[in-house]
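Please work from the sequences and hints to get the whole structure.
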Amino acid sequence: MTMITVWLNNQAIECQSQQSLIELVEQLTLPTLGAAIAINQAIITRSDWSTTVLNHNDQITLFQVIAGG
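Residue numbers (full-length UniProt numbering): 1 to 69.
Hints are computed from structural coordinates only; laboratory data are not their basis. Since the model is a prediction, treat every value here as computed from it, not as a measurement. For every residue, glycine included, the Cβ atom is placed at its ideal position computed from N, Cα and C. Hints are supplied without guarantee of correctness; some may be wrong.
To be verified - Estimated spans, in silico, between C-beta atoms of each pair:
1) M1 to A67: 39 to 49 Å
2) S17 to A67: 19 to 29 Å
3) S50 to I4: 13 to 23 Å
4) S17 to I66: 16 to 26 Å
5) A36 to H56: 15 to 25 Å
6) I66 to N40: 20 to 30 Å
7) A67 to T2: 36 to 46 Å
8) R46 to I13: 16 to 26 Å
Right under this line is the structure:
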């Protein structure tokens, strides 16, 4: 199986070629409550996480929404 490198919040992560975004989220047990994810500076809606395939050198940014007052 071919491995690729993606960058999650500026950290290199090895994952399988043709892996979906939701598979990476589950593999790394990333927090999803109040989370937003961008790939190459484009926000990916949660409904598209399962159909978004990761590519070598994708820049993934995980944002946690924090409520404030």
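Here's how the hints hold up against the structure:
1. M1 to A67: 39 to 49 Å: holds, 41 Å
2. S17 to A67: 19 to 29 Å: violated, 38 Å
3. S50 to I4: 13 to 23 Å: Given range 13 to 23 Å: holds, Cβ gap about 18 Å.
4. S17 to I66: 16 to 26 Å: Because 34 Å falls outside the window, the suggested range is violated.
5. A36 to H56: 15 to 25 Å: Once the Cβ atoms are compared, 23 Å apart, the range 15 to 25 Å for H56 and A36 holds.
6. I66 to N40: 20 to 30 Å: holds, 24 Å
7. A67 to T2: 36 to 46 Å: At roughly 41 Å between Cβ atoms, T2 and A67 fall inside 36 to 46 Å, so the hint holds.
8. R46 to I13: 16 to 26 Å: Cβ of R46 to Cβ of I13: about 20 Å, so the range 16 to 26 Å holds.
Hint violations for this structure: numbers 2 and 4, all remaining hints satisfied.
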